[in-house]
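Peer 1: For the protein sequence lines, the chains are Z, P, S and E, in the order given. At position 149 of the first sequence the residue is numbered 150 (my numbering), and the sequence of numbers has no breaks. At position 25 of the second sequence the residue is numbered 26 (my numbering), and the sequence of numbers has no breaks. At position 3 of the third sequence the residue is numbered 4 (my numbering), and the sequence of numbers has no breaks. At position 31 of the fourth sequence the residue is numbered 32 (my numbering), and the sequence of numbers has no breaks.
The set of hints was computed from the structure by calculation and includes no laboratory data. Here a beta-carbon is modelled for each residue, glycine too, at the ideal position from N, C-alpha and C. You may find that some hints are simply not true.
[Stated by the list, open to error] The following label-pair restraints were derived from C-beta to C-beta distances: (1) Gly13/S x Ser65/P: 29 to 37 Å; (2) Glu142/Z x Ala4/P: 46 to 54 Å; (3) Gly40/S x Ala67/P: 54 to 62 Å.
The chain contents come next:
Protein chains: 4
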Amino acid sequence: MKARQVAVVGSGPGRVAEAEEVGRLLAERGCTVVTGGLGEVMAAAARGAKEAGGTTIGILPGTSRADANEWVDHAVATGLGHMRNFAVAASGDAVIAVGGAWGTLSEIAFAKVLGRPVVILEPGLEVEGVDRAATPEEAVELALSRARADA
Amino acid sequence: MKARQVAVVGSGPGRVAEAEEVGRLLAERGCTVVTGGLGEVMAAAARGAKEAGGTTIGILPGTSRADANEWVDHAVATGLGHMRNFAVAASGDAVIAVGGAWGTLSEIAFAKVLGRPVVILEPGLEVEGVDRAATPEEAVELALSRARADA
Amino acid sequence: MKARQVAVVGSGPGRVAEAEEVGRLLAERGCTVVTGGLGEVMAAAARGAKEAGGTTIGILPGTSRADANEWVDHAVATGLGHMRNFAVAASGDAVIAVGGAWGTLSEIAFAKVLGRPVVILEPGLEVEGVDRAATPEEAVELALSRARADA
Amino acid sequence: MKARQVAVVGSGPGRVAEAEEVGRLLAERGCTVVTGGLGEVMAAAARGAKEAGGTTIGILPGTSRADANEWVDHAVATGLGHMRNFAVAASGDAVIAVGGAWGTLSEIAFAKVLGRPVVILEPGLEVEGVDRAATPEEAVELALSRARADA
């Protein structure tokens, strides 16, 4: 059976510690961590996963694998720019949002279009109809409990 | 000078009359109406524009021009699926949202990522930091007043 | 009935005169000319179409309509980079290639994936299984005769 | 240091044995094998890599990870349809083509647009300016010798 893949999305230098914790917890539960492959929340989530011995995928906006942060094991260069947000959302069996702005909102929207479970870590974007969690632990538990078995 | 292009996004069978009015008003002001090229709000906005003698562009999710509704003058087949929402938002000097669900939220998010002015027609999606208008007239005036001159 | 759309693809400063002639001939036959919206062959084909009173669509790689050359009537900003070549090919009922290099080859390949008729103007890329024409007139006649009625 | 990623592209039921051998040889040399994640040549290359204890990435055209063949370790769901060919080409430090038709030609074209080394295994598509190899061994050696150190 393949490892579950969970996407961690978001941004904001102030959310790095939480993102790292989310990545670590996901890896401890055997999940592969999928991110957009760049900095801040993306790098922190990947770093946390690697610290826990996990595996990471980075789905990059540009055309060069060299853009990936150092904690990305497997880099996919999409050339899609902002639209790579769709592939990040689509490649997670669930999506956890940490901080973030408009780009993160697009990822949440696409995840919902695709029926993927989404959890917003508090404090986070205000989006009606999306689950929220108070801590990284709660976010990970909620995301995994809702992840589609068939995704 | 080229005509301004304004994107009309959204969905919902109950919002067709308003979308048609938005399309008509945009055409009367000399704007080309850009939509996703399919049904409901998209078709209504294009129909309204054509009734007023305007020009319409449909940016389709699929690979066939034949998918466009009959009020689309110029159909672009992107093959992008849901990601064509990005091209719709990017191709408008401003974006007006009428109704809608998660797909519309992705278009609003992308428009904001790109710095495009966005106006949500009431009642509409709750998105912090996005202008709102009570009527089609107000939505069109607000969108045009904020459209970037250089777009 | 909607105007036929024919995509003109290619590159090369030495092919500008031929591309302009292709654009002109397509417009004279009532076709809308679709290009990638930038320079050289793309600009020349659009300019030729406008000289003949035609209509032009530019499908841009970037996110700003301002990137379009001055002969583009309707600009679609895709943000797709090189992948916008797919949308160019998909948006033509037929595709005519004038000069070009690897990007043009991707457009020819995608047009064939989609079953669109493709004509390469001599001298041009060597691609097995693609029709060739000796002159702009012949290229336009061949492309139109093979354009799918249902596209 | 990260593992090199090499994309194996192509199609054709008659080329499965060679594709499996290419995948096996790449894994033996420590490369991660990137494919489009579906059947025939894609599945065979991934299967070969797994038989040799390697790691595989599948870059899927659709929106569901469940579409991946069983030898894909890490599946990226792009929703890009045919355009996912770009991401496959972009995600390889080199590209090896086994068999194939128009879709494969688009991958070769995009790889060349991006400056990635490409090797066509004989018998294969006729594309001017692309290296050719007579055997899977030769294809793998040639691809690796030309892979950009910085990709």
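Peer 1: Any hints this thing doesn't respect? Which numbers, in order?
Peer 2: Result: hint 3 breaks, nothing else.
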